[in-house]
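J.: One letter stands for each residue in the lines below.
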Amino acid sequence: MTLVNARAAFEKAVTDAVSAADATVLMVYDNVRYTVPGKTKKYILMTINFNRSTLQNQGAAQDYYSGVIQCNVYVPKSAGTAVLSSISEAVIDGLTSVNASGYSDTFNVSPRVSDVSGPTPLELEDRSHFIGIISCQFTAVV
Amino acid sequence: MAGRKKGIGQIVTDLERQLNDDYNALIQLTVEGLSTEKNSPVDTGFFASSWKAGTQKIRAQDKRENHAPWSGIYKTRSPGGNQWVNTGKKPTGSQIKPRFAVPEFNFKRQPTVYIGNTAEYAGYALESPKVANFIQGEMRSLVQQTFKEKAPGRIFTRTGSNSSVFGSYTRL
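Line by line, the protein sequences give chains A and B. Following our numbering from start to finish, the first sequence increments by one per residue and tops out at 142. Following our numbering from start to finish, the second sequence increments by one per residue and tops out at 314.
Because the hints were derived from the structure by calculation, they are not lab data. Take these hints with a grain of salt, some might be off.
Here are the computed distance ranges between Cβ atoms for each label pair [said to hold, decoys possible]:
hint: 1; chain 1: A; residue 1: Asp63; chain 2: B; residue 2: Ala210; range: 47 to 55 Å
hint: 2; chain 1: B; residue 1: Thr155; chain 2: A; residue 2: Asp63; range: 54 to 62 Å
hint: 3; chain 1: B; residue 1: Arg241; chain 2: A; residue 2: Ser114; range: 41 to 49 Å
hint: 4; chain 1: A; residue 1: Val36; chain 2: B; residue 2: Gln198; range: 30 to 38 Å
hint: 5; chain 1: B; residue 1: Lys290; chain 2: A; residue 2: Gln62; range: 42 to 50 Å
Think of the CB as a built atom: it goes at the ideal place given N, C-alpha and C, for glycine as much as any other residue.
Using the sequences provided together with the hints, build the complete structure.
T.: The following block contains the structure:
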């Protein structure tokens, strides 16, 4: 179940950081049905893509996961960038929290993130929300 | 068999040529990689076909409606057959046909190359994780593979029936 644990480690890290910063922000994860929240709601779509699952050293293959995490932060439109910035900061703090020396690795997957980019702001004409895109690389190893 | 002799003075020229080849290969592979269903969200295929490399920032200003074959992809003949009508349905015949050839660059004269998408609605596509997945994921190994000393000739294999030019290739 290490694949499940790897995903859980990152999702929990981000979710904890976001809910500590702003409990009204909704989190939406991969393959979960959702209805686009109303214009005044704030929410985050979190996607985790695995690009690699094993590392072939000498002997048996080792579970080694790597890939890309993308968090799309949706905040009410035409209300300035402060809300987007504060939620994005919480997302980034959540992502990088797994790198901290004091991180408690409850899922036993040694999660790491690197090269966090964003938040890239997107103001799309027919979208009800203002969007910030944050992405980073990750690894997890058993 | 005796090797061809070269003066030590050639080393800079050889190194620069090698770097330039790798620079162009990386740009080419990046554009080709992005122009696939694996790495770009595809509805009509216009976005995936509109990746471009250039020395100026790429402007997202091309309307799908003005470019064949994507212009008519949502349309069908009216029951009478005398006019085209919009189906309003998701098209089934998406096509990825790269619209821009990748030019040759010189890393000394053109040290900055922009790779971007010219589709007017490119911003919407960034919501999809596919593009970030390629740029933050595969690009790293692409850079590592490209910028390293290698034996002459590279062989790539492809499996499956993917019509992309890059997506499913594996370097041997």
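J.: Now, for every hint given, state plainly whether the structure supports it.
T.: How the hints compare with the structure:
At roughly 48 Å, the beta carbons of Asp63/A and Ala210/B sit within the given window of 47 to 55 Å. For the pair Thr155/B and Asp63/A, the beta carbons lie near 47 Å from each other, so the given range of 54 to 62 Å is not met. Our hint of 41 to 49 Å for Arg241/B and Ser114/A is violated, since their Cβ atoms are close to 34 Å apart. Hint check: Val36/A to Gln198/B, Cβ distance near 36 Å, so the stated range 30 to 38 Å holds.
Range check, Lys290/B to Gln62/A: Cβ separation about 24 Å, and the 42 to 50 Å hint is violated.
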